[in-house]
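Here the protein sequences line up with chains A and B, keeping their order. Counted from 1, the first sequence has number 150 at position 151 by numbering that gives the first Met the number 0; the numbering is strictly sequential. Counted from 1, the second sequence has number 256 at position 257 by numbering that gives the first Met the number 0; the numbering is strictly sequential.
If you are wondering where the hints come from, they were derived from the structure by calculation, not from laboratory data. Beta carbons: idealized from backbone N, C-alpha and C, even for Gly. Among the hints, erroneous ones may be present.
As the list claims (entries may be wrong) - A few chain A residues facing chain B, derived, Cβ under 10 Å:
1. Leu23
2. Thr24
3. Thr43
4. Thr75
5. Ala149
6. Asn152
7. Glu155
8. Asp160
Unchecked claim - Negatives, chain B to chain A, calculated, CB over 10 Å:
9. Phe1
10. Leu10
11. Met18
12. Gly114
13. Leu136
14. Asn159
15. Ala343
16. Ile365
17. Ala398
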Amino acid sequence: MSLLELKNVSKIYGNLHALDNVSLTVEKGEWVAIMGPSGSGKSTMMNIIGCMDKASEGEVLLDGVDISKESSKSLTNIRRDKIGLIFQQFHLVSYLTALENVMLAQYYHSIPDEKEALEALEKVGLADRAKHFPSQLSGGEQQRVCVARALINYPEIILADEPTGNLDEANEEIVVELFRKLHEDGTTLIVVTHDPEVAEVAQRTLVLRNGKLDHETVNKNFTGHIKYNL
Amino acid sequence: MFLRMILRAFLRQWKKMAMIAFTIALGSSLATAMLCVMMDVGDKVNQELKTYGANIKVVPKDASIINELYDTDGENMSGAYLREDELGKIKTIFWAFNIVDYAPFISTNASLNGGDEVTVTGTWFNHHMELPTGETLDAGVVSMRSWWEIIAGDWIDEQNGDDRDVAMVGKALAEANGIKVGDTIDLKGSSGEKSLLVSAIFDAGGDEDDQVYVYLDTAQVLAALDGKVDSIEVSALTTPDNELAEKAAADPSSLSIAQKETWLCTAYVSAICYQIQEVITDSVASAVRQVADSEGEILNKTQLLMMLITVLSLVGAALGICNLVTASVMERAQEIGLMKAIGAQNPSITGLVLTEILLTAIIGGIAGFFAGIGFAQIIGHSVFASAISVRPMVIPIVAVLVFIVTLIGCIPAIKMLLGLRPTEVLHGR
Ligand SMILES: Nc1ncnc2c1ncn2[C@@H]1O[C@H](COP(=O)(O)OP(=O)(O)OP(=O)(O)O)[C@@H](O)[C@H]1O
Ligand SMILES: [Mg+2]
Numbered sequence: 000m001s002l003l004e005l006k007n008v009s010k011i012y013g014n015l016h017a018l019d020n021v022s023l024t025v026e027k028g029e030w031v032a033i034m035g036p037s038g039s040g041k042s043t044m045m046n047i048i049g050c051m052d053k054a055s056e057g058e059v060l061l062d063g064v065d066i067s068k069e070s071s072k073s074l075t076n077i078r079r080d081k082i083g084l085i086f087q088q089f090h091l092v093s094y095l096t097a098l099e100n101v102m103l104a105q106y107y108h109s110i111p112d113e114k115e116a117l118e119a120l121e122k123v124g125l126a127d128r129a130k131h132f133p134s135q136l137s138g139g140e141q142q143r144v145c146v147a148r149a150l151i152n153y154p155e156i157i158l159a160d161e162p163t164g165n166l167d168e169a170n171e172e173i174v175v176e177l178f179r180k181l182h183e184d185g186t187t188l189i190v191v192t193h194d195p196e197v198a199e200v201a202q203r204t205l206v207l208r209n210g211k212l213d214h215e216t217v218n219k220n221f222t223g224h225i226k227y228n229l
Numbered sequence: 000m001f002l003r004m005i006l007r008a009f010l011r012q013w014k015k016m017a018m019i020a021f022t023i024a025l026g027s028s029l030a031t032a033m034l035c036v037m038m039d040v041g042d043k044v045n046q047e048l049k050t051y052g053a054n055i056k057v058v059p060k061d062a063s064i065i066n067e068l069y070d071t072d073g074e075n076m077s078g079a080y081l082r083e084d085e086l087g088k089i090k091t092i093f094w095a096f097n098i099v100d101y102a103p104f105i106s107t108n109a110s111l112n113g114g115d116e117v118t119v120t121g122t123w124f125n126h127h128m129e130l131p132t133g134e135t136l137d138a139g140v141v142s143m144r145s146w147w148e149i150i151a152g153d154w155i156d157e158q159n160g161d162d163r164d165v166a167m168v169g170k171a172l173a174e175a176n177g178i179k180v181g182d183t184i185d186l187k188g189s190s191g192e193k194s195l196l197v198s199a200i201f202d203a204g205g206d207e208d209d210q211v212y213v214y215l216d217t218a219q220v221l222a223a224l225d226g227k228v229d230s231i232e233v234s235a236l237t238t239p240d241n242e243l244a245e246k247a248a249a250d251p252s253s254l255s256i257a258q259k260e261t262w263l264c265t266a267y268v269s270a271i272c273y274q275i276q277e278v279i280t281d282s283v284a285s286a287v288r289q290v291a292d293s294e295g296e297i298l299n300k301t302q303l304l305m306m307l308i309t310v311l312s313l314v315g316a317a318l319g320i321c322n323l324v325t326a327s328v329m330e331r332a333q334e335i336g337l338m339k340a341i342g343a344q345n346p347s348i349t350g351l352v353l354t355e356i357l358l359t360a361i362i363g364g365i366a367g368f369f370a371g372i373g374f375a376q377i378i379g380h381s382v383f384a385s386a387i388s389v390r391p392m393v394i395p396i397v398a399v400l401v402f403i404v405t406l407i408g409c410i411p412a413i414k415m416l417l418g419l420r421p422t423e424v425l426h427g428r
């Protein structure tokens, strides 16, 4: 059974089809990139997969459960248990330290464990910044905290919506490197990006256009390492 | 973690929290002040109204009939008297607490310094009483005739243990006879003589200006009326009369048993009069009507006014809180959306926000409570010229009011918070 399966999914706002009859499957452990022009429905799709929004039509099966039929309360629970989210704008709680931001995800998931949270920060190379507030961290560091927060509860799937959109190349590389490690650990990754270099490291790239799945490319010589076309 | 978040949230937005606390403090201080005053105002208005004199007059039954027949202008022509030893009983009736002051009077004629006849009135000045209930009461004309102007000297003070052979002389009489404070006057009554030291000259603005006021026993010696009094004036706190009270005042026996019970259990002036008659042998107690009515009415109106101020201040506080909390939640929309996105359910976020606000409310409420006690004292001193005592009841009432007002103020913010969808705030649209 595939981890994620979308069957004829549409999202309709008024007469705008933000997503139009999209079907796709993602296997467990896969690393998928999603590309497409602005307004093509990438975020819309991520929101639906991430249990933050409901499809207007079609079925979304996550781990065999049709999440398009769940109540918003159980959607929150599914999101909490199975999904790690990373956003373009980082979104950290400004008055909590890096460590506390990571612990916040533990808190809502189960119980906060400071040691484990520190280990997660170590994984993203920020152990020494644990006591810093977001305003004291660079954009790249903030995004790494977000990655640590996304992986702290061992989600089955990590959804990143333009995670490198606000980062320079060096930080982009660090984040992609983190994704590679997550991929090695068996985490399923779906990454929306405008950046072909970030898309190229994935195993598979889906391209959306006007809410429809336009085409798909498979990266035959997949290594997970970013290659810059200098 | 929860506590940590609350603490951090406080540190981070202490300015906004301080504003909320301040708003709550304002509301709670006004509510506290008004409640304190409202609960204490009975006594205060009371003391204030004592100064307008008695509202019940007690006379011997026979005297009352003769007064009615011949309009004797209050002079005792009947030869009937009340008993001095029964005076204490007035504070034993059911409405004893409503009786705030009273004084006996006995008038007699005596010749002054061997010359003209003058009216000598014996009374209490500030007579100290230990009541069977353990209370004490200082009753007498010092408070019941507080509008008298003492032109020279001082009120007779019954409690300083001075010589009891003293007198207060009315202004007109003093002027006519050249009497000054410190003089000694000789009074010769029908059966006794007294030499009294003049302790004060007073201006009552009435008949009393031609009289001499002395201790009750002094007048009794002059007239050989040991243990007797002419009349008693009582100052009592009363409920304004209604139909029932009027019917009862006309004829208590016309009431049904249930009506009579209600009547006796309400502080109508007629009910109090009735009870006084029961304890004072052969007496008639009657209301000095207008004053009795207005006492109760002024009290009710004052309390209504305070109630209104309290309600308005709380509504104001609720609106203020509502604004501030909504603004705060709006500002934190992203953070709240994020918490939802990483798995926080509505109750836990609501709980977080409410805990923050309620903690703020507790701080503000306590600060406001103490400020309110301060306000109450200011009101007490400027309006009633005395301190306001704080009833313990005020604390739970204010606490509950603050709690309710805060919760009501939070409703719109909570509604917004519940309706907030993470997708709306997290993608920066
Ligand atoms: N809540 C909404 N109400 C109405 N229209 C919406 C709503 N959310 C998204 N849309 C529309 O749906 C379309 C797809 O939006 P979406 O955010 O998925 O695009 P995107 O591919 O993520 O674009 P970008 O690369 O700029 O982030 C857009 O035309 C957008 O205007
Ligand atoms: Mg988008």
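Okay, the hints, checked on the actual structure:
Against a cut-off of 10 Å between C-beta atoms, the interface hint on Leu23(A) is violated, since the closest Cβ of chain B lies about 20 Å away. The restraint placing Thr24(A) at the interface with chain B is violated, with a minimum CB-CB distance near 23 Å, outside the 10 Å limit. For the restraint placing Thr43(A) at the interface with chain B, the shortest Cβ-Cβ distance is roughly 9 Å, inside the 10 Å limit, so the hint holds. Interface hint at Thr75(A): satisfied, since its Cβ lies 6 Å from the closest Cβ of chain B, which is below the 10 Å cut-off.
Evaluation of the Ala149(A) hint against chain B yields a held restraint, the C-beta minimum of about 8 Å falling below 10 Å. This hint holds: Asn152(A) has a C-beta 8 Å from the nearest C-beta of chain B, less than the 10 Å allowed. Look at Glu155(A): its Cβ only gets to about 14 Å from chain B, farther than 10 Å, so that hint breaks. The closest approach between the C-beta of Asp160(A) and any C-beta of chain B is roughly 7 Å, which is under the 10 Å cut-off, so the hint is satisfied.
Remark: the non-interface label on Phe1(B) conflicts with the geometry, its nearest Cβ contact in chain A lying 8 Å away (cut-off 10 Å). Not every CB of chain A lies more than 10 Å from the CB of Leu10(B), the least distance being 7 Å, so the non-interface label is violated. The claim that Met18(B) lies off the interface holds: its Cβ sits roughly 17 Å from the closest Cβ of chain A, which is beyond the 10 Å cut-off. With a closest Cβ-Cβ approach of about 93 Å to chain A, Gly114(B) is found to remain outside the 10 Å limit, as its non-interface label requires.
With a minimum CB-CB distance of about 61 Å to chain A, Leu136(B) clears the 10 Å threshold, and the non-interface call stands. Here Asn159(B) stays apart from chain A, with its beta-carbon at least about 68 Å from theirs, past the 10 Å limit. At the 10 Å boundary, the C-beta of Ala343(B) falls inside the reach of chain A, the nearest C-beta of that chain being 5 Å off. The beta carbon of Ile365(B) sits about 25 Å from the closest Cβ of chain A, which is more than 10 Å, so the claim that it is off the interface holds.
Remark: the non-interface label on Ala398(B) is consistent with the geometry, its nearest Cβ contact in chain A lying 29 Å away (cut-off 10 Å).
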